[in-house]
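Enquirer: Sequences are here, hints too, so could you generate the full structure?
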Amino acid sequence: DLSIPRPCPEKWARCMKSRQPHSHEKNWILALQCQSYVKQVKGVQFLRKYIEPNRIVIIKADMMTLNNEGLQFRDQTWTIISRAQTKPNAAVVRVCEQMFLDREASEIATSRPEDIDYAQNVVLKNLNWKLREHTTHLQDQLIEETQNFGMVPAA
1400 DLSIPRPCPE KWARCMKSRQ PHSHEKNWIL ALQCQSYVKQ VKGVQFLRKY
1450 IEPNRIVIIK ADMMTLNNEG LQFRDQTWTI ISRAQTKPNA AVVRVCEQMF
1500 LDREASEIAT SRPEDIDYAQ NVVLKNLNWK LREHTTHLQD QLIEETQNFG
1550 MVPAA
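For the record, in the sequence shown the residue sitting at position 95 is 1494 according to this note's numbering, with numbers rising by one throughout.
Wrong hints could be hidden among the right ones.
Claimed, not checked - The calculated DSSO-like cross-link candidates involving lysine-lysine, where the alpha carbons are at most 30 Å apart (straight line), are:
| # | residue 1 | residue 2 |
| --- | --- | --- |
| 1 | LYS1438 | LYS1425 |
| 2 | LYS1524 | LYS1448 |
| 3 | LYS1529 | LYS1425 |
| 4 | LYS1529 | LYS1438 |
| 5 | LYS1524 | LYS1438 |
| 6 | LYS1524 | LYS1425 |
| 7 | LYS1486 | LYS1425 |
Said to hold, decoys possible - Across the chosen pairs, the derived CB separations fall in these ranges:
| # | residue 1 | residue 2 | range |
| --- | --- | --- | --- |
| 8 | ASN1520 | PRO1452 | 41 to 47 Å |
| 9 | ASN1488 | HIS1421 | 41 to 47 Å |
| 10 | LYS1441 | HIS1421 | 32 to 38 Å |
Hint data in this document are derived by calculation from the structure and do not stem from the laboratory.
The C-beta atom is built at its ideal place from N, Cα and C for all residues, glycine as well.
Expert: Below, the structure written as C-alpha coordinates:
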(Lines of atoms letter the chains of each structure in order from A and count residues from 1; the text may use other names and numbers.)
(Lines give C-alpha, C1' and ligand atoms only; values in the text may rest on other atoms or scores of the structure.)
Protein backbone atom coordinates (compact mmCIF):
# COMPACT_ATOMS: atom_id res chain seq x y z
CA ASP A 1 0.00 0.00 0.00
CA LEU A 2 1.70 3.19 -1.18
CA SER A 3 -0.33 5.38 1.18
CA ILE A 4 1.26 4.01 4.36
CA PRO A 5 3.82 6.56 5.59
CA ARG A 6 7.29 5.37 6.49
CA PRO A 7 8.40 6.41 9.98
CA CYS A 8 11.16 8.99 9.65
CA PRO A 9 11.95 11.24 12.61
CA GLU A 10 13.33 13.99 10.34
CA LYS A 11 10.29 14.14 8.06
CA TRP A 12 6.70 15.25 8.54
CA ALA A 13 4.12 14.61 5.86
CA ARG A 14 0.50 15.46 5.15
CA CYS A 15 -1.19 13.29 2.56
CA MET A 16 -3.52 14.86 0.04
CA LYS A 17 -6.38 13.16 -1.75
CA SER A 18 -5.16 11.48 -4.93
CA ARG A 19 -7.04 12.17 -8.14
CA GLN A 20 -5.92 9.03 -9.99
CA PRO A 21 -6.04 5.34 -9.06
CA HIS A 22 -2.76 3.93 -7.74
CA SER A 23 -1.57 7.48 -7.01
CA HIS A 24 -0.37 9.22 -3.90
CA GLU A 25 0.25 12.93 -3.31
CA LYS A 26 1.66 14.59 -0.21
CA ASN A 27 3.19 17.74 1.19
CA TRP A 28 6.20 17.21 3.41
CA ILE A 29 8.84 18.99 5.48
CA LEU A 30 12.29 17.49 5.98
CA ALA A 31 14.84 18.66 8.54
CA LEU A 32 18.36 18.24 7.13
CA GLN A 33 21.01 18.06 9.84
CA CYS A 34 24.09 19.89 8.62
CA GLN A 35 27.35 20.20 10.56
CA SER A 36 26.25 22.88 13.04
CA TYR A 37 22.63 23.66 12.15
CA VAL A 38 19.41 22.27 10.71
CA LYS A 39 18.02 23.28 7.32
CA GLN A 40 14.30 22.91 6.66
CA VAL A 41 13.23 21.72 3.22
CA LYS A 42 9.58 21.84 2.17
CA GLY A 43 8.35 19.64 -0.61
CA VAL A 44 5.47 18.14 -2.51
CA GLN A 45 5.55 14.61 -3.90
CA PHE A 46 3.57 12.78 -6.54
CA LEU A 47 3.79 9.00 -6.74
CA ARG A 48 2.01 6.78 -9.25
CA LYS A 49 2.03 3.03 -9.79
CA TYR A 50 1.32 1.41 -13.14
CA ILE A 51 0.52 -2.31 -13.11
CA GLU A 52 1.22 -4.14 -16.36
CA PRO A 53 1.12 -7.90 -17.11
CA ASN A 54 4.86 -8.51 -16.62
CA ARG A 55 6.00 -5.49 -14.68
CA ILE A 56 5.14 -2.78 -12.20
CA VAL A 57 6.35 0.77 -12.83
CA ILE A 58 6.53 3.44 -10.12
CA ILE A 59 7.02 7.09 -11.05
CA LYS A 60 7.93 9.54 -8.26
CA ALA A 61 8.47 13.27 -8.56
CA ASP A 62 9.38 15.68 -5.77
CA MET A 63 9.64 19.46 -5.84
CA MET A 64 11.59 20.83 -2.87
CA THR A 65 12.25 24.35 -1.66
CA LEU A 66 14.90 25.64 0.73
CA ASN A 67 12.89 28.53 2.15
CA ASN A 68 15.56 30.92 3.38
CA GLU A 69 17.63 30.71 0.20
CA GLY A 70 14.70 30.62 -2.24
CA LEU A 71 16.27 27.65 -4.01
CA GLN A 72 14.16 24.90 -5.56
CA PHE A 73 15.20 21.31 -6.25
CA ARG A 74 13.59 18.51 -8.23
CA ASP A 75 13.85 14.77 -7.83
CA GLN A 76 12.53 12.30 -10.40
CA THR A 77 12.59 8.55 -9.86
CA TRP A 78 11.49 5.64 -12.01
CA THR A 79 11.35 2.17 -10.46
CA ILE A 80 10.61 -0.82 -12.68
CA ILE A 81 10.00 -4.30 -11.31
CA SER A 82 9.83 -6.96 -14.00
CA ARG A 83 10.09 -10.70 -14.35
CA ALA A 84 13.60 -12.01 -14.79
CA GLN A 85 14.03 -13.46 -18.27
CA THR A 86 16.29 -16.31 -17.15
CA LYS A 87 14.47 -17.30 -13.93
CA PRO A 88 10.68 -17.47 -13.88
CA ASN A 89 10.59 -17.19 -10.09
CA ALA A 90 12.77 -14.07 -9.88
CA ALA A 91 12.29 -10.37 -10.45
CA VAL A 92 14.57 -7.56 -11.59
CA VAL A 93 14.32 -4.12 -9.98
CA ARG A 94 15.72 -1.15 -11.90
CA VAL A 95 15.85 2.36 -10.48
CA CYS A 96 16.74 5.59 -12.20
CA GLU A 97 16.86 8.73 -10.07
CA GLN A 98 17.74 12.30 -10.97
CA MET A 99 18.10 15.14 -8.50
CA PHE A 100 19.04 18.66 -9.40
CA LEU A 101 18.86 22.32 -8.52
CA ASP A 102 16.05 23.75 -10.62
CA ARG A 103 17.68 26.93 -11.91
CA GLU A 104 14.58 27.92 -13.88
CA ALA A 105 12.27 27.93 -10.84
CA SER A 106 14.76 29.08 -8.20
CA GLU A 107 15.45 32.67 -7.32
CA ILE A 108 18.98 32.26 -8.70
CA ALA A 109 19.24 35.86 -9.88
CA THR A 110 18.70 37.14 -6.33
CA SER A 111 20.64 34.38 -4.55
CA ARG A 112 24.17 34.93 -3.38
CA PRO A 113 26.78 32.79 -5.19
CA GLU A 114 27.83 31.22 -1.87
CA ASP A 115 24.20 30.15 -1.23
CA ILE A 116 24.07 28.47 -4.62
CA ASP A 117 27.42 26.73 -4.02
CA TYR A 118 26.24 25.64 -0.58
CA ALA A 119 23.01 24.24 -2.02
CA GLN A 120 24.77 22.31 -4.74
CA ASN A 121 27.53 20.91 -2.54
CA VAL A 122 25.80 20.23 0.77
CA VAL A 123 22.04 20.25 0.42
CA LEU A 124 21.94 18.07 -2.70
CA LYS A 125 24.16 15.47 -1.02
CA ASN A 126 21.95 15.39 2.09
CA LEU A 127 18.74 15.34 0.09
CA ASN A 128 20.07 12.60 -2.16
CA TRP A 129 20.99 10.46 0.84
CA LYS A 130 17.55 10.87 2.43
CA LEU A 131 15.67 10.28 -0.80
CA ARG A 132 17.81 7.23 -1.54
CA GLU A 133 16.81 5.79 1.86
CA HIS A 134 13.16 6.32 0.98
CA THR A 135 13.61 4.85 -2.51
CA THR A 136 15.28 1.75 -1.04
CA HIS A 137 12.36 1.34 1.36
CA LEU A 138 9.93 1.71 -1.56
CA GLN A 139 11.82 -0.96 -3.51
CA ASP A 140 11.53 -3.33 -0.56
CA GLN A 141 7.80 -2.68 -0.35
CA LEU A 142 7.35 -3.20 -4.08
CA ILE A 143 9.20 -6.50 -4.05
CA GLU A 144 6.97 -7.63 -1.22
CA GLU A 145 3.94 -6.49 -3.20
CA THR A 146 5.00 -8.44 -6.29
CA GLN A 147 5.18 -11.53 -4.11
CA ASN A 148 1.62 -10.84 -2.94
CA PHE A 149 0.43 -10.48 -6.56
CA GLY A 150 2.13 -13.74 -7.50
CA MET A 151 4.76 -12.30 -9.84
CA VAL A 152 7.53 -13.54 -7.57
CA PRO A 153 7.09 -16.28 -4.97
CA ALA A 154 8.31 -15.57 -1.45
CA ALA A 155 11.80 -16.88 -0.75
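Enquirer: None of the hints should be skipped; say for each whether it holds.
Expert: Hint check results:
{"no.": "1", "hint": "LYS1438 with LYS1425", "verdict": "holds, 20 Å"}
{"no.": "2", "hint": "LYS1524 with LYS1448", "verdict": "holds, 27 Å"}
{"no.": "3", "hint": "LYS1529 with LYS1425", "verdict": "holds, 17 Å"}
{"no.": "4", "hint": "LYS1529 with LYS1438", "verdict": "holds, 13 Å"}
{"no.": "5", "hint": "LYS1524 with LYS1438", "verdict": "holds, 13 Å"}
{"no.": "6", "hint": "LYS1524 with LYS1425", "verdict": "holds, 23 Å"}
{"no.": "7", "hint": "LYS1486 with LYS1425", "verdict": "violated, 37 Å"}
{"no.": "8", "hint": "ASN1520 with PRO1452: 41 to 47 Å", "verdict": "holds, 44 Å"}
{"no.": "9", "hint": "ASN1488 with HIS1421: 41 to 47 Å", "verdict": "violated, 25 Å"}
{"no.": "10", "hint": "LYS1441 with HIS1421: 32 to 38 Å", "verdict": "violated, 26 Å"}
Hints 7, 9 and 10 from the earlier list are contradicted by this structure; the remaining hints agree with it.
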